[in-house]
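Q: Residue-level listing of the chains:
Number of protein chains: 2
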Amino acid sequence: MLDFTKCSVEQLMEEKQLLEKKYADYVGQKLKLDMSRGKPASTQLDLNNDILSTLETYITEDGTDARNYGVLDGLSEAKKLFSELLNIAPANMIIGGNSSLNLMYDAMTRLFLFGTEGERPWCQLDQVKFLCPSPGYDRHFAICEDLGIEMITVPMHEDGPDMDYIESLVKEDASIKGIWCVPLYSNPQGICYSDEVVERLASMKTAAKDFRIFWDNAYGVHHIYDEVKLKDIFEAARAAGNENRVYYFFSTSKITFPGAGVALIASSLSNIAEIKKHMSIQTIGHDKLNQLRTVNYFKNAEGIRTHMKKLGNELRPKFEIVLNTLEKELAGTGLLSWTKPQGGYFVAVDTLPGCAKETVRLAKEAGVVLTGAGATFPYQNDPQDRNIRIAPTYPTVEELQKAMELFCVCVKLAGVNRLLIENQ
Amino acid sequence: MLDFTKCSVEQLMEEKQLLEKKYADYVGQKLKLDMSRGKPASTQLDLNNDILSTLETYITEDGTDARNYGVLDGLSEAKKLFSELLNIAPANMIIGGNSSLNLMYDAMTRLFLFGTEGERPWCQLDQVKFLCPSPGYDRHFAICEDLGIEMITVPMHEDGPDMDYIESLVKEDASIKGIWCVPLYSNPQGICYSDEVVERLASMKTAAKDFRIFWDNAYGVHHIYDEVKLKDIFEAARAAGNENRVYYFFSTSKITFPGAGVALIASSLSNIAEIKKHMSIQTIGHDKLNQLRTVNYFKNAEGIRTHMKKLGNELRPKFEIVLNTLEKELAGTGLLSWTKPQGGYFVAVDTLPGCAKETVRLAKEAGVVLTGAGATFPYQNDPQDRNIRIAPTYPTVEELQKAMELFCVCVKLAGVNRLLIENQ
Numbered sequence: 053m054l055d056f057t058k059c060s061v062e063q064l065m066e067e068k069q070l071l072e073k074k075y076a077d078y079v080g081q082k083l084k085l086d087m088s089r090g091k092p093a094s095t096q097l098d099l100n101n102d103i104l105s106t107l108e109t110y111i112t113e114d115g116t117d118a119r120n121y122g123v124l125d126g127l128s129e130a131k132k133l134f135s136e137l138l139n140i141a142p143a144n145m146i147i148g149g150n151s152s153l154n155l156m157y158d159a160m161t162r163l164f165l166f167g168t169e170g171e172r173p174w175c176q177l178d179q180v181k182f183l184c185p186s187p188g189y190d191r192h193f194a195i196c197e198d199l200g201i202e203m204i205t206v207p208m209h210e211d212g213p214d215m216d217y218i219e220s221l222v223k224e225d226a227s228i229k230g231i232w233c234v235p236l237y238s239n240p241q242g243i244c245y246s247d248e249v250v251e252r253l254a255s256m257k258t259a260a261k262d263f264r265i266f267w268d269n270a271y272g273v274h275h276i277y278d279e280v281k282l283k284d285i286f287e288a289a290r291a292a293g294n295e296n297r298v299y300y301f302f303s304t305s306k307i308t309f310p311g312a313g314v315a316l317i318a319s320s321l322s323n324i325a326e327i328k329k330h331m332s333i334q335t336i337g338h339d340k341l342n343q344l345r346t347v348n349y350f351k352n353a354e355g356i357r358t359h360m361k362k363l364g365n366e367l368r369p370k371f372e373i374v375l376n377t378l379e380k381e382l383a384g385t386g387l388l389s390w391t392k393p394q395g396g397y398f399v400a401v402d403t404l405p406g407c408a409k410e411t412v413r414l415a416k417e418a419g420v421v422l423t424g425a426g427a428t429f430p431y432q433n434d435p436q437d438r439n440i441r442i443a444p445t446y447p448t449v450e451e452l453q454k455a456m457e458l459f460c461v462c463v464k465l466a467g468v469n470r471l472l473i474e475n476q
Numbered sequence: 053m054l055d056f057t058k059c060s061v062e063q064l065m066e067e068k069q070l071l072e073k074k075y076a077d078y079v080g081q082k083l084k085l086d087m088s089r090g091k092p093a094s095t096q097l098d099l100n101n102d103i104l105s106t107l108e109t110y111i112t113e114d115g116t117d118a119r120n121y122g123v124l125d126g127l128s129e130a131k132k133l134f135s136e137l138l139n140i141a142p143a144n145m146i147i148g149g150n151s152s153l154n155l156m157y158d159a160m161t162r163l164f165l166f167g168t169e170g171e172r173p174w175c176q177l178d179q180v181k182f183l184c185p186s187p188g189y190d191r192h193f194a195i196c197e198d199l200g201i202e203m204i205t206v207p208m209h210e211d212g213p214d215m216d217y218i219e220s221l222v223k224e225d226a227s228i229k230g231i232w233c234v235p236l237y238s239n240p241q242g243i244c245y246s247d248e249v250v251e252r253l254a255s256m257k258t259a260a261k262d263f264r265i266f267w268d269n270a271y272g273v274h275h276i277y278d279e280v281k282l283k284d285i286f287e288a289a290r291a292a293g294n295e296n297r298v299y300y301f302f303s304t305s306k307i308t309f310p311g312a313g314v315a316l317i318a319s320s321l322s323n324i325a326e327i328k329k330h331m332s333i334q335t336i337g338h339d340k341l342n343q344l345r346t347v348n349y350f351k352n353a354e355g356i357r358t359h360m361k362k363l364g365n366e367l368r369p370k371f372e373i374v375l376n377t378l379e380k381e382l383a384g385t386g387l388l389s390w391t392k393p394q395g396g397y398f399v400a401v402d403t404l405p406g407c408a409k410e411t412v413r414l415a416k417e418a419g420v421v422l423t424g425a426g427a428t429f430p431y432q433n434d435p436q437d438r439n440i441r442i443a444p445t446y447p448t449v450e451e452l453q454k455a456m457e458l459f460c461v462c463v464k465l466a467g468v469n470r471l472l473i474e475n476q
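First to last, the protein sequences are chains A and B.
Heads up: the first sequence is residues 53 to 476, going by our numbering.
Heads up: the second sequence is residues 53 to 476, going by our numbering.
Calculated directly from the structure, the hints in this document are not laboratory data.
The reader is advised that the hints may include incorrect statements.
Since the list gives no way to pick out one identical chain from another, each pair is judged satisfied if it fits inside one copy or across any two copies.
Said to hold, decoys possible - Think about it this way: if two alpha-carbon atoms lie no more than 27 angstroms apart in a straight line, the pair counts; the simulated DSS-like pairs of lysine-lysine are:
(1) Lys409 - Lys329
(2) Lys329 - Lys181
(3) Lys84 - Lys281
(4) Lys416 - Lys329
(5) Lys82 - Lys283
(6) Lys409 - Lys223
(7) Lys74 - Lys362
(8) Lys362 - Lys82
(9) Lys283 - Lys73
(10) Lys257 - Lys84
(11) Lys82 - Lys416
(12) Lys329 - Lys454
(13) Lys351 - Lys223
(14) Lys328 - Lys73
(15) Lys84 - Lys68
(16) Lys257 - Lys281
(17) Lys73 - Lys281
(18) Lys454 - Lys281
(19) Lys328 - Lys181
(20) Lys361 - Lys82
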């Protein structure tokens, strides 16, 4: 494969002409594809449709009428299901509504309004900072922006965020109050935190007594190839005497239906009591009928695991289209590097510096909407303008194949143009 | 009927003996009834069971897949349904999750964290006060307590809260930031705000620019006898140039299922935009499948009205048991006064001063749990210890009849004991 970074200006000019012709062809095809978000395709959702008709009873195992008020922290059968799946004791969890993002946002606003463990409410502090391993999840960063939290970008390595950097920051600066983590198949790189990273996050010394890890295990059971095991952060935190440090989030949004799943927050008993104190004022209880639907449909953790294999089979061909097309079109060109995730929902790519925005723009003008360049960094600012998140789940395989071919043309065209500017 | 307040000590002693015997009989029956909350009975919920099986499609009228992510502010068919029912334009509403209490709590926390209309966030103020027409809804008052809002008790009249008092307070004190209102069939008295009260609330001068009316129209369609019409507060507020003053809340919790209904917040376009700005960070969207279930089940506003007539038929006999038993046992005794609501979920009674707690205690020891005395006032403090909320919906008619007979014995016994102390 031609290494574009080693081409002469003449060679680049030639390639540019060829690429512009190819690109014009795509523009002529008037594509219309949205790959901007990590949305499941309707074929994937179809696999779950039975959940809509499986509510055989509204009476729970302890005789509660799930139609009526009550049971703030969730039905015991729902807790049992997730306890078995995630190895977290039922007493350490609260089953919420349909959105783990909502549980994260509310956890953050409670820290702002009430503080935790007797520390000052964060709204009374001059400054609150959060560590943001990046590239990361734009909606996490948006919560920080909404609340005026200063975001500190932390580089990601192959085994998780840069722990040396994190440890050096948190031990000195008491205004650093927490960190966002997607520890398994991270959004967008699909990186899995190593045991050592989990261990160090759980045990590191923090100047802030009320330092909190927002542990968003969104893809905890979303294996596509071999299952990667994630170290139990609660165990590690308990062992280090930091058991209140972790808020753990999970949901079935990408297991059943994004619009109507079941979310949960898990934490230490003391944190759970603190959360319930305020949550009991906020609501009488979340939708228990939907909890029942979920339990009745899956029966047990094995039911979810079996289901996730089906979803994996649905997603694997899409990931392979992405990876194979990148390999075929861009390996050895020097224009793009990318991750090969074992699970999750995304593939992250890095273009040449200064080419991500232009690549996304070119794709958009040819009818393929990608996640905005920069979105995976705090303040939508990718300092090197390199990272692009590819979300392959929503299009059909045919659409995705075409979109990826166009994408590769855009990467090359943006790259060649950049190299020409640099070689001027 | 014997007027106990005019009895001699000897007569009271005689009555006391008779009442203690009757009370002992009830204790012997080992009743076990919970009338503490406004929960529908399972027979009432049974009227809605078809909603569980009526999800014919998950594709919305505009082609959206309701199973997937998106549509922050609710499906257009859901907005249309509630728009027709409540006479509020779809653009002025956001359909939420299963709990209007949650929407109220979040509206309040947004005011604390972000303020509104450019005014300072309430968390930065030394003092925030709220007007609490009382007796009122304990969960409203609990929100104030949770956030450290100072509550000002406002007396209730037959046509709503004491407007002279309210106007005199809000025009002077800029730290009074709002008021809780249940304008139709108020909890617990079943009072309906008159046109004049609505008009004055909407148009009164407030020292706080960001004064907010939390208009909890929880019982907006919960007519049991003749339908009482509530004046349109949005119209009144617009006319007075105060269109941002009102947050309007509604839900189907007491129409379909308390655990799995659909809630909404309505307000001015400018407020709705402000709410969405933050809500879009908090969640990607609420449960759209449940919105579809609700729409498919009712079809239109007339469907809800017809349904509410059925619910009214279910509740009317229960209200009549309460009112007839009070009339039969306590009219003319001087020991109790009560309201006769035309709708809603409660009957409120006033004992002799200093007798509410004792009455509730007596009932509880005989196996009938009532709403805690004082719960209907800020800080659970009924200054005269008089008010008790009767929630007749949950027990069966047979249980309710027995519970009300016991209740009347408790009222009399507590009253006679109080009169004996006063006559010592």
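Q: Are the hints correct? Go through all of them and say.
A: Comparing the hints with the structure gives:
no.	hint	verdict
1	Lys409 - Lys329	between (45 angstroms within a copy, 25 angstroms between copies)
2	Lys329 - Lys181	both (26 angstroms within a copy, 22 angstroms between copies)
3	Lys84 - Lys281	neither (38 angstroms within a copy, 50 angstroms between copies)
4	Lys416 - Lys329	between (47 angstroms within a copy, 25 angstroms between copies)
5	Lys82 - Lys283	neither (47 angstroms within a copy, 53 angstroms between copies)
6	Lys409 - Lys223	neither (36 angstroms within a copy, 54 angstroms between copies)
7	Lys74 - Lys362	neither (37 angstroms within a copy, 67 angstroms between copies)
8	Lys362 - Lys82	neither (33 angstroms within a copy, 55 angstroms between copies)
9	Lys283 - Lys73	neither (50 angstroms within a copy, 66 angstroms between copies)
10	Lys257 - Lys84	neither (50 angstroms within a copy, 54 angstroms between copies)
11	Lys82 - Lys416	within (11 angstroms within a copy, 73 angstroms between copies)
12	Lys329 - Lys454	neither (52 angstroms within a copy, 35 angstroms between copies)
13	Lys351 - Lys223	neither (45 angstroms within a copy, 59 angstroms between copies)
14	Lys328 - Lys73	neither (61 angstroms within a copy, 44 angstroms between copies)
15	Lys84 - Lys68	within (25 angstroms within a copy, 84 angstroms between copies)
16	Lys257 - Lys281	within (25 angstroms within a copy, 62 angstroms between copies)
17	Lys73 - Lys281	neither (46 angstroms within a copy, 69 angstroms between copies)
18	Lys454 - Lys281	neither (34 angstroms within a copy, 60 angstroms between copies)
19	Lys328 - Lys181	both (25 angstroms within a copy, 25 angstroms between copies)
20	Lys361 - Lys82	neither (35 angstroms within a copy, 54 angstroms between copies)
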